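J.: Sequence order for the protein chains is E and H. Oh and the first sequence: position 104 is 104 in the working numbering, straight run, nothing missing. Oh and the second sequence: position 174 is 174 in the working numbering, straight run, nothing missing.
Some clues are possibly wrong.
[Said to hold, decoys possible] Some, not all, of what chain H presents toward chain E, calculated at C-beta under 10 Å:
1) Y177
2) S180
3) A182
4) A184
5) I219
6) G220
7) C221
8) K292
9) M294
10) R295
11) R296
12) P298
13) I317
14) V367
15) E369
[Stated by the list, open to error] Coverage of chain E stretches by chain H, computed from C-beta distances (three or more under 8 Å per stretch; other residues unrestricted):
16) 69-81
17) 86-98
[Unchecked claim] Distance windows between CB atoms, simulated:
18) H:K276 / E:K154: 32 to 40 Å
19) E:L116 / H:T190: 27 to 35 Å
20) E:G93 / H:E196: 39 to 47 Å
21) E:G121 / H:E196: 48 to 56 Å
22) E:D98 / H:K334: 43 to 51 Å
23) H:N372 / E:G93: 40 to 48 Å
24) H:K96 / E:K154: 43 to 51 Å
None of these hints come from the bench; they were simulated from the model. Please read all numbers here as calculations on a predicted model, not as lab measurements. Even glycine gets a Cβ: it sits at the ideal position worked out from N, Cα and C.
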Amino acid sequence: MVVHQFNSLGLLLLPQTTKKCHIRLSQNLKLGEGRKSYAINIDSQTSSISETTATTTTPDTDEGPPVIDFAFVNSRLLPDGSPDVQYRSACGGQKLRDIMLENHVELYGPYARPLLNCGGGGTCGTCIVEVIDGNQLLSPKTPKEKEKLKKKPKKWRLACQTVVGKEDSRGELIIQQLPEWKLHEWE
Amino acid sequence: MASLLSAHLSNPKPLLPLPLIRATSYSISTNATAVPAQSPTSSLQSLEETFGRKGIKFIESNGIPSVELSVRNGSSVNLRLSDALITSYKPKVFWKDDGCKEVLRTIQAVEDPSSVKGGIGLILNDLSKTTNNSSPWYLSEWVVKDTDSDSFDAVQIELGCTNGNGTLEVTYVISLYPLSLATAVIVNNTGPKPIELTSAILSHIKMDKRDGTAIDGLIGCSYCAHPPLDSSFGILSPVEAMKPDDEPSGWFGSSKPDAPKAGVWTVEDNQYTFLKNKLSRVYAVPPPERSKRMRRTPPSNYTTIDKHGSKLNFRIIRMGFEDIYLGSPGSFAKRNNGEDYFICTGPASMMVPVVLNPEEEWRAAQVIEHDNL
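One chain only, chain E, in its complex shape (with noise of 0.2 Å):
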């Protein structure tokens, strides 16, 4: 952990310089065997990404419906570099897209217009987002996504294509909103 220093304030010269920052789920985030808890390090030069897990030996009661918990990081930092991160909970087996719709989450970004969209369709291409952790809770890529992402990166998916899970799994996932757009890497 970096302190920072009183005697000698630096001023913002570049919007990018090398920063690291940490992204943890909640503490209390329970699965289906233990806890875990994940430690993501941006890092806009060398990137890495270390995950801790801290198994807790009672085991875990039932809190509540399953539901499954969502990171979404936005593609702005915050003005001091670390992720804008929205928290949600949501079932399972809903589109990713009404999961993010629902929940008032930026998914099209500038496309979120009434006719530059398709809407749910899988046509348009526009609402893709990076999937960072939690690939096995969603479903595999659709034909029409495979035809989109022909050239993008392996991690990126339409949200009007993947439905997360099923009712009643439990998990977390962590996604970058308009991964075009944003100015961070991940590993």
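Given the coordinates of chain E, assemble chain H onto it according to the supplied hints.
T.: Coordinates of chain H only, in the frame set by chain E:
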């Protein structure tokens, strides 16, 4: 010298670094000396000598020492040194030559020109102190600790303050950039006991026309009616802010707008929150839900809209604070000899106090930025 940023969201108390502090290729070595304010002119001179830079000027307005920060594109900030109140923020918002427009609403009391209300100010309440003193401890006795400037596009000033018995050290950093203004607070617990704090950075943003005033970006967030934290610079006191507006509304006589009762949490389901009528709300995660495993976070930024007036939008970004306070005066805005409308808003940590253990530090910030150019 180089300070990198890291933000850990793992702790229940998020520790955030100062905003917009980056590695620079040069270091400023200034002696941060506390200047006693004995005779105004001599202390101003010594402040100017020690801390003056290009873009940082120490002046005196109405007998109160202040500092004026300015950057190359014309944006400027006026900050009062006695109570760390930002009395003026004029960013460049139009492309024409003199395109700077005042963003903040300030009111000067007629009988006491040195007391100003409005602007942007920091509220920090030490809850554990109220047992001894009847009045909350206000932040006062600010001293300039350090200044920094890169002569063109970035200016920064750091003020420090301690509370009476030396248990709390507060640092307030104001940074001005061409398109944004960042105010950050860092609180250090130097005493032996844990301290509970409620804090807010409230800005009184001027709106040209009452009609089209709105906020964009709070949809989906839960809120409840709540008074603002008490402060020396708030235009509306907490009691006034909660009073229902008694002006006759519209052409239908006295139709009461549905004022939610304090303590009732509702979810904002409008894309735009209209601020024509009087309201005083806190947008936050309801305290009972905070102990749950996963809670829906309030938005990290929102935009103020002045649709019919100046048509300028300002984005307010919250870092480190948990809640968002939003207050609009309704017809109370006319009281203080002003035709101007304003709203009082800003990030806060007021629903649940922040617990600061000894030797711990808490950081939080607000950034007002705009892309009207």
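J.: Now look at each hint and say whether the structure bears it out.
T.: Hint by hint, here is what the structure shows:
{"no.": "1", "hint": "Y177", "result": "6 Å, holds"}
{"no.": "2", "hint": "S180", "result": "7 Å, holds"}
{"no.": "3", "hint": "A182", "result": "6 Å, holds"}
{"no.": "4", "hint": "A184", "result": "8 Å, holds"}
{"no.": "5", "hint": "I219", "result": "5 Å, holds"}
{"no.": "6", "hint": "G220", "result": "4 Å, holds"}
{"no.": "7", "hint": "C221", "result": "8 Å, holds"}
{"no.": "8", "hint": "K292", "result": "8 Å, holds"}
{"no.": "9", "hint": "M294", "result": "5 Å, holds"}
{"no.": "10", "hint": "R295", "result": "7 Å, holds"}
{"no.": "11", "hint": "R296", "result": "6 Å, holds"}
{"no.": "12", "hint": "P298", "result": "9 Å, holds"}
{"no.": "13", "hint": "I317", "result": "6 Å, holds"}
{"no.": "14", "hint": "V367", "result": "5 Å, holds"}
{"no.": "15", "hint": "E369", "result": "8 Å, holds"}
{"no.": "16", "hint": "69-81", "result": "holds (count 6)"}
{"no.": "17", "hint": "86-98", "result": "holds (count 4)"}
{"no.": "18", "hint": "H:K276 / E:K154: 32 to 40 Å", "result": "50 Å, violated"}
{"no.": "19", "hint": "E:L116 / H:T190: 27 to 35 Å", "result": "54 Å, violated"}
{"no.": "20", "hint": "E:G93 / H:E196: 39 to 47 Å", "result": "43 Å, holds"}
{"no.": "21", "hint": "E:G121 / H:E196: 48 to 56 Å", "result": "53 Å, holds"}
{"no.": "22", "hint": "E:D98 / H:K334: 43 to 51 Å", "result": "46 Å, holds"}
{"no.": "23", "hint": "H:N372 / E:G93: 40 to 48 Å", "result": "43 Å, holds"}
{"no.": "24", "hint": "H:K96 / E:K154: 43 to 51 Å", "result": "49 Å, holds"}
When held up to the earlier numbered hints, the structure conflicts with 18 and 19 and fits the remainder.
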